[in-house]
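> Given next are the chains, with one letter for each unit.
Number of protein chains: 4
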Amino acid sequence: MRSTPEPSLLPSEYAFSHHIRVRFSETDAMGIVHHSRYLPYLEETRVEYLRFIGQSYADSRESLGDSAVLEANVKYRQPLKFDDLLTVHLILAATTGATFTINYLITANDNIISTAYTQHAYINAQGRPQRLPAWIKELAAQ
Amino acid sequence: MRSTPEPSLLPSEYAFSHHIRVRFSETDAMGIVHHSRYLPYLEETRVEYLRFIGQSYADSRESLGDSAVLEANVKYRQPLKFDDLLTVHLILAATTGATFTINYLITANDNIISTAYTQHAYINAQGRPQRLPAWIKELAAQ
Amino acid sequence: MRSTPEPSLLPSEYAFSHHIRVRFSETDAMGIVHHSRYLPYLEETRVEYLRFIGQSYADSRESLGDSAVLEANVKYRQPLKFDDLLTVHLILAATTGATFTINYLITANDNIISTAYTQHAYINAQGRPQRLPAWIKELAAQ
Amino acid sequence: MRSTPEPSLLPSEYAFSHHIRVRFSETDAMGIVHHSRYLPYLEETRVEYLRFIGQSYADSRESLGDSAVLEANVKYRQPLKFDDLLTVHLILAATTGATFTINYLITANDNIISTAYTQHAYINAQGRPQRLPAWIKELAAQ
Numbered sequence: 000m001r002s003t004p005e006p007s008l009l010p011s012e013y014a015f016s017h018h019i020r021v022r023f024s025e026t027d028a029m030g031i032v033h034h035s036r037y038l039p040y041l042e043e044t045r046v047e048y049l050r051f052i053g054q055s056y057a058d059s060r061e062s063l064g065d066s067a068v069l070e071a072n073v074k075y076r077q078p079l080k081f082d083d084l085l086t087v088h089l090i091l092a093a094t095t096g097a098t099f100t101i102n103y104l105i106t107a108n109d110n111i112i113s114t115a116y117t118q119h120a121y122i123n124a125q126g127r128p129q130r131l132p133a134w135i136k137e138l139a140a141q
Numbered sequence: 000m001r002s003t004p005e006p007s008l009l010p011s012e013y014a015f016s017h018h019i020r021v022r023f024s025e026t027d028a029m030g031i032v033h034h035s036r037y038l039p040y041l042e043e044t045r046v047e048y049l050r051f052i053g054q055s056y057a058d059s060r061e062s063l064g065d066s067a068v069l070e071a072n073v074k075y076r077q078p079l080k081f082d083d084l085l086t087v088h089l090i091l092a093a094t095t096g097a098t099f100t101i102n103y104l105i106t107a108n109d110n111i112i113s114t115a116y117t118q119h120a121y122i123n124a125q126g127r128p129q130r131l132p133a134w135i136k137e138l139a140a141q
Numbered sequence: 000m001r002s003t004p005e006p007s008l009l010p011s012e013y014a015f016s017h018h019i020r021v022r023f024s025e026t027d028a029m030g031i032v033h034h035s036r037y038l039p040y041l042e043e044t045r046v047e048y049l050r051f052i053g054q055s056y057a058d059s060r061e062s063l064g065d066s067a068v069l070e071a072n073v074k075y076r077q078p079l080k081f082d083d084l085l086t087v088h089l090i091l092a093a094t095t096g097a098t099f100t101i102n103y104l105i106t107a108n109d110n111i112i113s114t115a116y117t118q119h120a121y122i123n124a125q126g127r128p129q130r131l132p133a134w135i136k137e138l139a140a141q
Numbered sequence: 000m001r002s003t004p005e006p007s008l009l010p011s012e013y014a015f016s017h018h019i020r021v022r023f024s025e026t027d028a029m030g031i032v033h034h035s036r037y038l039p040y041l042e043e044t045r046v047e048y049l050r051f052i053g054q055s056y057a058d059s060r061e062s063l064g065d066s067a068v069l070e071a072n073v074k075y076r077q078p079l080k081f082d083d084l085l086t087v088h089l090i091l092a093a094t095t096g097a098t099f100t101i102n103y104l105i106t107a108n109d110n111i112i113s114t115a116y117t118q119h120a121y122i123n124a125q126g127r128p129q130r131l132p133a134w135i136k137e138l139a140a141q
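Protein chains in written order, with numbering that gives the first Met the number 0: chain R, 0 to 141; chain G, 0 to 141; chain A, 0 to 141; chain W, 0 to 141.
If you're looking for bench data, these hints aren't it; they were derived computationally from the structure. Since the model is a prediction, treat every value here as computed from it, not as a measurement. For each residue, glycine too, the CB sits at the ideal point set by N, CA and C. Heads up, a few of these hints could be off.
Lysine-lysine pairs mimicking BS3-like chemistry, simulated, CA-CA at most 30 Å apart [what the hints assert, rightly or not]: (1) K136/G <-> K74/G; (2) K74/R <-> K136/R; (3) K80/A <-> K74/G; (4) K80/R <-> K74/W; (5) K80/G <-> K80/A; (6) K80/W <-> K80/R; (7) K74/R <-> K74/G; (8) K80/G <-> K74/A; (9) K74/G <-> K80/R; (10) K136/W <-> K74/A; (11) K80/A <-> K80/R; (12) K80/W <-> K74/A; (13) K136/A <-> K74/W; (14) K136/W <-> K74/R; (15) K74/G <-> K136/R; (16) K136/W <-> K80/W; (17) K136/W <-> K136/A; (18) K74/R <-> K136/G; (19) K80/W <-> K80/G; (20) K136/A <-> K74/A; (21) K136/R <-> K136/G; (22) K74/W <-> K74/A.
Partner residues are not named here, just some residues of chain W that face chain R (Cβ under 7 Å, in silico) [stated by the list, open to error]: (23) S24; (24) T26; (25) D27; (26) G30; (27) H33; (28) P78; (29) F81.
The shape of chain R in the complex, shown without the other chains:
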């Protein structure tokens, strides 16, 4: 059973937000953003969140190991179109000994576009799972 809280529909319940402009190359022949393109939006937002809290992803890769994606889930409520300015809201939603889960809400033009979550493992340079660093635990406890 999934004990992680469901992604909220309220922007105010997220810890961080990041703006992204939809590229033409991200649209598909239905005239909307292809559903696979949401995952790079989430990843870009994770990177900016790490920069915001003072842990650049580039730094963390060198000092702490990589974060491997264990699971990704996206619910698509309204489509995104070319040139839309979207906002990705993010919060560290849960942790276990070696994994953490991030929840997301995507909005654009005051519409709820999507909710999503990704679960990650913390691994060292040899690809082995390792205990989460303290700063992730602390963030999740806030």
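Chains G, A and W: place on chain R using the hints.
Relative to chain R, chains G, A and W alone:
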């Protein structure tokens, strides 16, 4: 609560399979296939499945309307690397009045790489949901 | 023979510049940005240039027809890496009766990364080439 | 001055060909394959060509070093659409001491879709250019 069966780990429990060779352009700086690249693999397999059962996707777009992605979920168990030959196994797992869910298993070199599901709505040319055509209902009942 | 001027290596010889942060999803297993990913950077910069001069691409698609890409050329001098902040410099380099050519210079961290050009046709809603609108001709004459 | 021969419009003048089915995720909101998506088609064909001549790309990366892309040029003559089955024709067109150039012709449904060329450097594990291996020189002399 999700009443759709979980994606099985047994290839024999799927209705269709399709082979895809990993492109170099699908890898990332971790040396593995980027997690966003799995969704186009699933979509390519859906298209080949429709061709296999005699409903080409191009035909169905013209005659029956588009299929919109409502949700996508991927669990990543083992990484894929450049030039791997992967197999995507697919089965129509569940239907409701206006939606259907497909389960997937990705294998490569006799390893279980990933399980996934996607949920879709059937919409007409105006983007309105419509009842599933009979042939989808019949497939799901098999 | 190509009468269009070669893309200059001097940022000061360009009319517009736009910053883009490299996404992790744009890297490949060599640890650098995949060469196909430069073309969306150029396209994003064209869109921002049109916005800058007061012709948003969305508007121009509706009122004036689409711009089809006839040719794209990229020279790769230095690689780009994850999280690099690149600058794309752009200038409208030449026009003919129905086509226009844009030159680009990509820089990052004070290094010359790439030069490029793209040639475009102006087409109407039926996909037929049409005469360039006056504002493009005027821009090219500056 | 470019001494490499222009890509021919005749399939019979190429050494190798490879078939690729257009994915829905490769289309854009104009309803055609996005122009950036041609470069992965060319790369996939290079990899299959190396496999065909007995040098798998994976092998060559380990034993001989990587091949870096120096330049890519694509001319777009007719659009590609979703589900098109395209053929990429390839020939090793020219070599210098440390670089080689490949010409391409893309056809689909008996139409000429595109011509292209890519120029590559041969580099070792430290990223330094090195002399082309003899087998590339021999291929180009055929």
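> Does each hint hold? Answer for all of them.
Evaluation of the provided hints:
Between K136/G and K74/G, the direct Cα distance comes to roughly 27 Å. Compliance with the 30 Å bound is thereby established for this hinted pair. With a C-alpha separation of about 27 Å, the suggested pair K74/R and K136/R falls inside the 30 Å cut-off, and the hint holds. Taking the CA atoms of K80/A and K74/G, the gap is about 27 Å. The hint holds against a cut of 30 Å. As the CA atoms of K80/R and K74/W are separated by approximately 27 Å, the hinted pair is consistent with the 30 Å bound.
Note on K80/G and K80/A: the hinted pairing holds, with a Cα-Cα distance of about 20 Å set against a maximum of 30 Å. For the suggested pair K80/W and K80/R, the alpha carbons sit about 20 Å apart, so the restraint of at most 30 Å is met. Between K74/R and K74/G the alpha-carbon distance is near 15 Å, which keeps this suggested pair within the 30 Å criterion. Restraint check for K80/G and K74/A: satisfied, since their Cα atoms lie roughly 27 Å apart, inside the 30 Å limit.
Restraint check for K74/G and K80/R: satisfied, since their Cα atoms lie roughly 27 Å apart, inside the 30 Å limit. A threshold of 30 Å between alpha carbons decides the hint, and for K136/W with K74/A the separation of about 23 Å falls inside it, so the pair holds. A distance of roughly 28 Å separates the Cα atoms of K80/A and K80/R; the hinted pair therefore holds under the 30 Å criterion. Restraint check for K80/W and K74/A: the C-alpha separation of about 27 Å stays at or below 30 Å, so the hint holds.
As the CA atoms of K136/A and K74/W are separated by approximately 23 Å, the hinted pair is consistent with the 30 Å bound. About 52 Å separates the Cα atoms of K136/W and K74/R, which puts this hinted pair outside 30 Å; it is violated. Distance hint between K74/G and K136/R is fulfilled; the C-alpha atoms sit about 23 Å from each other, no more than 30 Å. Taken as a hint, the K136/W and K80/W pair is broken in the structure, with Cα atoms around 37 Å apart against an allowance of 30 Å.
Proximity of K136/W to K136/A is assessed by CA-CA distance (about 46 Å); at most 30 Å being required, the pair is judged violated. With a C-alpha separation of about 23 Å, the suggested pair K74/R and K136/G falls inside the 30 Å cut-off, and the hint holds. The hinted pair formed by K80/W and K80/G meets the criterion: a straight-line CA distance of about 28 Å does not exceed 30 Å. With a C-alpha separation of about 27 Å, the suggested pairing of K136/A with K74/A holds against the 30 Å cut-off.
At most 30 Å may separate the alpha-carbon atoms for a hinted pair to count; K136/R and K136/G exceed this at roughly 46 Å. Between K74/W and K74/A the alpha-carbon distance is near 15 Å, which keeps this suggested pair within the 30 Å criterion. Of the supplied interface hints, the one on S24/W holds, with its beta-carbon coming within about 5 Å of a beta-carbon of chain R, less than 7 Å. Because the smallest distance between the Cβ of T26/W and any Cβ of chain R comes to about 4 Å, under 7 Å, the interface hint for this residue holds.
Interface hint status for D27/W: upheld, as the beta-carbon distance to the closest one in chain R is roughly 5 Å, under 7 Å. The beta carbon of G30/W comes within 5 Å of a beta carbon in chain R, closer than 7 Å, and the hint placing it at the interface holds. Because the closest C-beta pair between H33/W and chain R is about 5 Å apart, less than 7 Å, the hint holds. Given the 7 Å rule on beta carbons, the hint for P78/W is violated: about 11 Å separates it from the nearest Cβ of chain R.
The interface hint given for F81/W is met, as the beta carbon of that residue sits about 6 Å from the closest beta carbon of chain R, less than 7 Å.
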